[in-house]
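Novice: Which chain is which? The protein sequence lines are A and B, in order. Straight run, no breaks: the first sequence in the numbering used here ends on number 110. Straight run, no breaks: the second sequence in the numbering used here ends on number 113.
No lab work stands behind these hints: they were computed from the structure. Since the model is a prediction, treat every value here as computed from it, not as a measurement. Please note that a few of the clues may not be correct.
Claimed, not checked - Partial list, computed: chain B residues near chain A (C-beta under 8 angstroms):
#1 Leu43
#2 Asp56
#3 Leu60
#4 Leu102
#5 Gly105
#6 Ser106
#7 Gly107
As the list claims (entries may be wrong) - Once the Cα atoms are required to be at most 20 angstroms apart in a straight line, the calculated EDC-like pairs of lysine to aspartate or glutamate come out as:
#8 B/Lys11 with B/Glu100
#9 B/Lys101 with A/Glu15
#10 B/Lys101 with A/Asp78
Note that the Cβ used here is the ideal one computed from N, Cα and C, for glycine as well.
Here's the letter readout for the chains.
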Amino acid sequence: QKEVEQNSGPLSVPEGAIASLNCTYSDRGSQSFFWYRQYSGKSPELIMFIYSNGDKEDGRFTAQLNKASQYVSLLIRDSQPSDSATYLCAVNINTDKLIFGTGTRLQVFP
Amino acid sequence: GAGVSQSPSNKVTEKGKDVELRCDPISGHTALYWYRQSLGQGLEFLIYFQGNSAPDKSGLPSDRFSAERTGGSVSTLTIQRTQQEDSAVYLCASSRDRDEKLFFGSGTQLSVL
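Let the hints inform the model, and build the full structure from the sequences given.
Specialist: Here is the structure:
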C-alpha cells in the first residue's frame, strides 16, 4: 500500500460546480495534512492545510479530515477554469517527512 | 532571500558525468527537503534536513545520490555517474520547521543524454 494515495483523474467538472478531491493515507500517526496545487510546468504551491478532524474552510476551498478513516479531501466550490491544475495531497509521515500523493488532475470546463 | 532559489534551472549532462544541484532556502527556515518529479508523475521524496542533519535519507534512490547542508542554509544534491533514468525535475523546498508548510523553488530540470 502506498503511503499516500490519490486518484490520478482527470476529474472533469463544469464551471461553477463543486470539485471533490480525495486522498487516503496509511500512517495512523500522521498529524499534518496539506493540499498543494501545481500548474503544468510550475512548482507546487500550498492552498490548504489541516491538522484536526473536521472541516476547515478558506474562501472557495474546504479541507475535510477524518483520521479514523485515514481520509482527507478538498472541496472547491464555484469551480473556475483557472482552477484547472494537478492537486497534490501531502501527509506528514512518522513526524519526519512530508510524503506526496501522485496528484489528481482537475479540469474545469466553461 | 525572498524565496527558495535553485540553480541551475536547467542542466544537460552526459551519461556517467557527475552533477551538483544547489538550493538556497528562505532565510531562517530550518527544514529543507529535496524531491524529484519525473514527467507527469508525483513528487518522490529524496531527503530531508533539519538544520544540518539529515534524519531521513531513505528516499535517496541509490548510493550515487548524496546531499549535504552547511550552516543550516544552502544545500547541495550531488548525483554521481548520472544515468538516463536520473532525468527529472529536482525540487527543493524549505519550511520554518518540520511539519509546517513548504515553500518550493522553481526546480532544476536535469537531462541526462
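Novice: Indicate, hint by hint, whether the structure satisfies it.
Specialist: Status of each hint after checking the structure:
1. Nearest Cβ of chain A to the Cβ of B/Leu43: about 4 angstroms, under the 8 angstroms cut. The hint holds.
2. Look at B/Asp56: its Cβ gets to within about 5 angstroms of chain A, closer than 8 angstroms, so that hint holds up.
3. Interface hint at B/Leu60: violated, since its Cβ lies 12 angstroms from the closest Cβ of chain A, which is beyond the 8 angstroms cut-off.
4. Evaluation of the B/Leu102 hint against chain A yields a held restraint, the C-beta minimum of about 7 angstroms falling below 8 angstroms.
5. Evaluation of the B/Gly105 hint against chain A yields a held restraint, the C-beta minimum of about 7 angstroms falling below 8 angstroms.
6. For B/Ser106, the shortest C-beta to C-beta distance to chain A is roughly 6 angstroms, which falls under 8 angstroms, so the interface hint holds.
7. Against a cut-off of 8 angstroms between C-beta atoms, the interface hint on B/Gly107 holds, since the closest Cβ of chain A lies about 6 angstroms away.
8. Between B/Lys11 and B/Glu100 the alpha-carbon distance is near 30 angstroms, which puts this suggested pair outside the 20 angstroms criterion.
9. With a C-alpha separation of about 29 angstroms, the suggested pair B/Lys101 and A/Glu15 falls outside the 20 angstroms cut-off, and the hint is violated.
10. Simply put, B/Lys101 and A/Asp78 have alpha-carbon atoms about 25 angstroms apart, too far for the 20 angstroms limit, and the pair is violated.
This entry does not satisfy hints 3, 8, 9, 10, going by the numbered hints stated previously.
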